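Can you build the whole structure from these sequences, using the hints too?
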Amino acid sequence: MDLFQCIYYGFSVSLELGNLFACFMGVFIGTLIGVLPGLGPVATMSILLPISFKMSATSAIIMMAGIFYGAMYGGSTTSILVNIPGEAASVVTCLDGYQMARQGRAGPALGISAFGSFIAGTIGVLGLMVLAPPLAAVALKFGPPEIFGILILSFTMVTYLASGSKLKAVAMAILGLILGTVGLDPIVVTPRFAYGSITLMDGIGLAPLVMGLFGVSEVFLNIEKTVKQEVFQTDLKGLLPSKQDWKDSGKPIVRGGLLGFLLGILPGIGAIIPTFISYALEKRLSKHPEKFGKGTIEGVAGPEAANNAATAGSMVPLLTLGIPPNVVMAVLMGAFLTHGVQPGPLLMKEHPEIFWGVITSMYTGNALLLLLNLPLIGIWVKLLKVPYGILFPLILLFCLIGVFSVAGNAWDIVVMLAFAVIGYLMKKFDYEPAPLVLAFVLGRMAEESIRQSLVLSRGDLLVFFKHPISCVSIVLAFILILSPLVRDLLKKAIGGARRAEG
Amino acid sequence: MKRYQISCALFLVLFGIFICWEARKLDMGRVVKPGPGFLPFWLGLALIIVSLALLFNYGRKKIDPSLSSQDLWKGLHWEKVLYSLVALLLYALFLETLGYILATFLLMVFFFRAIEPQRWFVAISGAVVTSFITYALFKLWLQVQLPVGLWGM
Numbered sequence: 339m340d341l342f343q344c345i346y347y348g349f350s351v352s353l354e355l356g357n358l359f360a361c362f363m364g365v366f367i368g369t370l371i372g373v374l375p376g377l378g379p380v381a382t383m384s385i386l387l388p389i390s391f392k393m394s395a396t397s398a399i400i401m402m403a404g405i406f407y408g409a410m411y412g413g414s415t416t417s418i419l420v421n422i423p424g425e426a427a428s429v430v431t432c433l434d435g436y437q438m439a440r441q442g443r444a445g446p447a448l449g450i451s452a453f454g455s456f457i458a459g460t461i462g463v464l465g466l467m468v469l470a471p472p473l474a475a476v477a478l479k480f481g482p483p484e485i486f487g488i489l490i491l492s493f494t495m496v497t498y499l500a501s502g503s504k505l506k507a508v509a510m511a512i513l514g515l516i517l518g519t520v521g522l523d524p525i526v527v528t529p530r531f532a533y534g535s536i537t538l539m540d541g542i543g544l545a546p547l548v549m550g551l552f553g554v555s556e557v558f559l560n561i562e563k564t565v566k567q568e569v570f571q572t573d574l575k576g577l578l579p580s581k582q583d584w585k586d587s588g589k590p591i592v593r594g595g596l597l598g599f600l601l602g603i604l605p606g607i608g609a610i611i612p613t614f615i616s617y618a619l620e621k622r623l624s625k626h627p628e629k630f631g632k633g634t635i636e637g638v639a640g641p642e643a644a645n646n647a648a649t650a651g652s653m654v655p656l657l658t659l660g661i662p663p664n665v666v667m668a669v670l671m672g673a674f675l676t677h678g679v680q681p682g683p684l685l686m687k688e689h690p691e692i693f694w695g696v697i698t699s700m701y702t703g704n705a706l707l708l709l710l711n712l713p714l715i716g717i718w719v720k721l722l723k724v725p726y727g728i729l730f731p732l733i734l735l736f737c738l739i740g741v742f743s744v745a746g747n748a749w750d751i752v753v754m755l756a757f758a759v760i761g762y763l764m765k766k767f768d769y770e771p772a773p774l775v776l777a778f779v780l781g782r783m784a785e786e787s788i789r790q791s792l793v794l795s796r797g798d799l800l801v802f803f804k805h806p807i808s809c810v811s812i813v814l815a816f817i818l819i820l821s822p823l824v825r826d827l828l829k830k831a832i833g834g835a836r837r838a839e840g
Numbered sequence: 007m008k009r010y011q012i013s014c015a016l017f018l019v020l021f022g023i024f025i026c027w028e029a030r031k032l033d034m035g036r037v038v039k040p041g042p043g044f045l046p047f048w049l050g051l052a053l054i055i056v057s058l059a060l061l062f063n064y065g066r067k068k069i070d071p072s073l074s075s076q077d078l079w080k081g082l083h084w085e086k087v088l089y090s091l092v093a094l095l096l097y098a099l100f101l102e103t104l105g106y107i108l109a110t111f112l113l114m115v116f117f118f119r120a121i122e123p124q125r126w127f128v129a130i131s132g133a134v135v136t137s138f139i140t141y142a143l144f145k146l147w148l149q150v151q152l153p154v155g156l157w158g159m
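Keeping their order, the protein sequence lines are chains A and B. Count along the first sequence from 1, then add 338; that gives the number in the working numbering. Count along the second sequence from 1, then add 6; that gives the number in the working numbering.
Since the hints were derived computationally from the structure, they do not count as laboratory data. Among these hints, one or two may not hold up.
Claimed, not checked - List of simulated lysine-lysine pairs, DSSO-like, C-alpha gap at most 30 Å:
#, chain 1, residue 1, chain 2, residue 2
1, A, Lys720, B, Lys145
2, A, Lys765, B, Lys86
3, A, Lys504, A, Lys563
4, B, Lys8, A, Lys504
5, A, Lys720, B, Lys8
6, B, Lys80, A, Lys504
7, A, Lys766, B, Lys8
8, B, Lys86, A, Lys723
9, A, Lys687, A, Lys479
10, A, Lys563, A, Lys723
11, A, Lys625, A, Lys589
Said to hold, decoys possible - So the derived label-pair ranges between C-beta atoms look like this:
#, chain 1, residue 1, chain 2, residue 2, range
12, A, Arg782, B, Leu61, 24 to 34 Å
13, A, Met539, B, Ala142, 27 to 37 Å
14, B, Tyr89, A, Arg782, 35 to 45 Å
15, B, Lys31, A, Lys720, 57 to 67 Å
Note that the coordinates shown come from a computational prediction; the quantities given were computed from them, not determined experimentally. We put the CB at the ideal spot given by N, CA and C, even for glycine.
Printed below as a string of structure tokens:
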């Protein structure tokens with residue numbers, strides 16, 4: 339099949355009524371949780387994991403992906419109207435978006451972030467379509483040593499790009515790896531760290547881990563301080579940006595889209611860092627950088643485009659290599675695995691309906707979001723007025739239902755609560771959860787690949803340097819660790835990201 | 007603040023020692039043919055080293071400047087977190103005896119009333135509505151398994 343046939347086939351899958359409905363539900367729920375502070379895409383996707391058992395694998399993945407990019411849309415709404423980012427990826431949007439709202443230009447700000455997201459989403463999806471097939475073809479030739487090399491590079495980048503202390507990030511990554519060894523040994527099936535508990539024998543589940551660290555702990559942090567929100571009273575008429583607005587934000591959208599997509603592919607980046615880089619880039623390229631932070635539309639358009647395109651970019655390593663580059667993709671990988679589908683180079687051959695269906699659904703989803711967002715912004719704003727005292731019990735209840743229904747095991751709730759406490763303390767002591775979760779997921783893959791490599795090479799430790807791809811990856815990882823020069827340069831580029839990401 | 011950071015790093019050191027200790031009980035294998043205890047042992051050791059490096063940094067007073075020196079729990083209602091945690095634990099322990107609807111009703115009343123106080127009427131009716139609607143949504147419509155409890159609810 340050539341690319342156009344594939345795309346046609348993809349649309350024929352994603353436009354099926356059931357899949358279209360799943361896509362709609364995904365982007366709808368995504369926007370909803372993007373608007374609501376305190377519940378992000380990671381926790382939401384894990385909550386919905388058990389519900390997706392009843393759906394087909396294609397519908398389930400389409401819905402999950404929709405939640406991710408839908409949340410990017412929703413997050414910008416609160417940034418602009420309330421100056422509270424609904425999502426971490428919308429932090430930058432506050433800078434100029436809220437200022438625009440204060441100047442009575444909330445409409446164009448919301449409008450341009452919706453249109454910008456749509457355009458950038460398109461760029462991202464196109465990039466994914468073009469890039470994924472050849473990458474998957476290359477990845478087909480990968481053996482355990484190559485996978486191990488890429489995993490090492492991923493680990494390094496994840497801790498390298500973590501906000502705050504690098505040492506703490508490394509400690510958290512190691513902790514994640516240790517947590518990943520709980521349960522049955524992958525090769526000789528001896529129980530490790532199970533202490534006779536059947537719940538632990540199965541290994542720590544991704545759902546209780548993620549929901550504890552990202553869902554419940556977030557609620558804990560919110561209820562101890564009294565959350566007060568004021569929605570900015572503004573005229574929401576005239577959402578369509580003017581001709582001048584388009585002229586100002588056209589290029590930033592395209593640049594943000596390309597930047598977001600390319601950066602999103604890299605491990606450890608996610609959707610947050612591209613927004614900061616895009617903002618910095620637009621400020622530098624602008625003829626009037628002094629207007630940034632005072633309500634200039636480029637400052638909204640660029641970053642909003644970047645975070646949307648990054649969601650498509652981060653699908654690339656998962657769909658082609660089977661390696662999730664960030665926490666959201668790790669949860670998405672969980673959704674693949676619960677349906678008995680292994681994401682990776684074989685996905686395109688074995689499950690073309692999922693591969694092309696999901697990719698094209700992202701395009702459909704972006705169109706749905708545009709339709710959903712522009713007329714419904716008024717409703718989302720009303721949602722912001724629901725007091726947290728009503729909201730947080732519901733968030734907790736959804737986490738409880740979600741984690742219980744994975745295996746019908748009440749002890750999983752206890753595991754989730756344990757991680758909620760750990761996550762709460764981690765936030766207090768300024769430790770980041772993202773390296774822990776990624777290491778937890780990648781750890782099993784790494785252990786398998788290292789042990790398989792050693793078996794295949796009959797115990798030759800140099801096997802990782804005899805295969806070019808693993809050798810290059812490992813050398814790159816070392817360069818990354820050792821070169822303080824690169825570190826300083828990167829630090830400058832993502833200076834803002836370090837503070838606000840946490 | 008520094009005290010907290012140090013105790014945190016110390017805890018990580020101890021945890022690393024614990025992991026190494028436990029991993030020794032498993033089959034370690036050799037470098038060329040690692041057993042189940044191999045990776046945990048080295049990970050535990052790595053954790054000890056990294057946490058010691060953290061401690062060493064604190065010793066040289068290299069603390070993140072972004073961290074405030076204030077007490078982390080100052081002016082916050084941390085007791086709400088404690089109450090919620092206990093309530094959630096009790097929920098987990100009694101969920102299968104009480105059944106979903108009753109357990110959820112009790113939990114919701116507690117949350118609506120005790121953490122961010124609503125009026126009794128709001129709390130009770132909110133709890134009734136929440137437990138029945140989620141039951142209908144998840145159990146009846148989405149056919150997610152929820153515990154029925156002793157009274158078949």
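Each hint tested on the structure:
Between the alpha carbons of Lys720 (chain A) and Lys145 (chain B) the distance comes to roughly 29 Å, so the proposed pair stays at or under 30 Å and holds. For the hint linking Lys765 (chain A) to Lys86 (chain B), the alpha-carbon distance of about 17 Å falls within 30 Å, and the restraint holds. A C-alpha spacing of about 29 Å is found between Lys504 (chain A) and Lys563 (chain A), which places the hinted pair at or below 30 Å, so the restraint holds. Pair hint Lys8 (chain B) plus Lys504 (chain A) holds up; C-alpha atoms about 17 Å apart against a cutoff of 30 Å.
Taking the CA atoms of Lys720 (chain A) and Lys8 (chain B), the gap is about 43 Å. The hint is violated against a cut of 30 Å. The suggested pairing of Lys80 (chain B) with Lys504 (chain A) holds, with an alpha-carbon distance near 27 Å, which does not exceed 30 Å. A hinted pair counts as satisfied when its Cα atoms are at most 30 Å apart, and Lys766 (chain A) with Lys8 (chain B) qualifies at roughly 12 Å. With a CA separation close to 22 Å, the supplied pair Lys86 (chain B) and Lys723 (chain A) stays within the 30 Å bound.
For the hint pairing Lys687 (chain A) with Lys479 (chain A), the CA-to-CA distance comes to about 14 Å; that is within 30 Å, so the pair holds. Between Lys563 (chain A) and Lys723 (chain A) the alpha-carbon distance is near 18 Å, which keeps this suggested pair within the 30 Å criterion. Note on Lys625 (chain A) and Lys589 (chain A): the hinted pairing holds, with a Cα-Cα distance of about 13 Å set against a maximum of 30 Å. Take Arg782 (chain A) and Leu61 (chain B): their Cβ atoms lie about 30 Å apart, and the range 24 to 34 Å holds.
At about 34 Å, the beta-carbon gap between Met539 (chain A) and Ala142 (chain B) stays in the expected band of 27 to 37 Å. A hinted range of 35 to 45 Å for the beta carbons of Tyr89 (chain B) and Arg782 (chain A) is consistent with their spacing of about 36 Å. Separation of Lys31 (chain B) from Lys720 (chain A) is about 58 Å and conforms to the stated range, judged on CB atoms against 57 to 67 Å.
When each numbered hint is compared with the structure, a violation occurs for hint 5 only.
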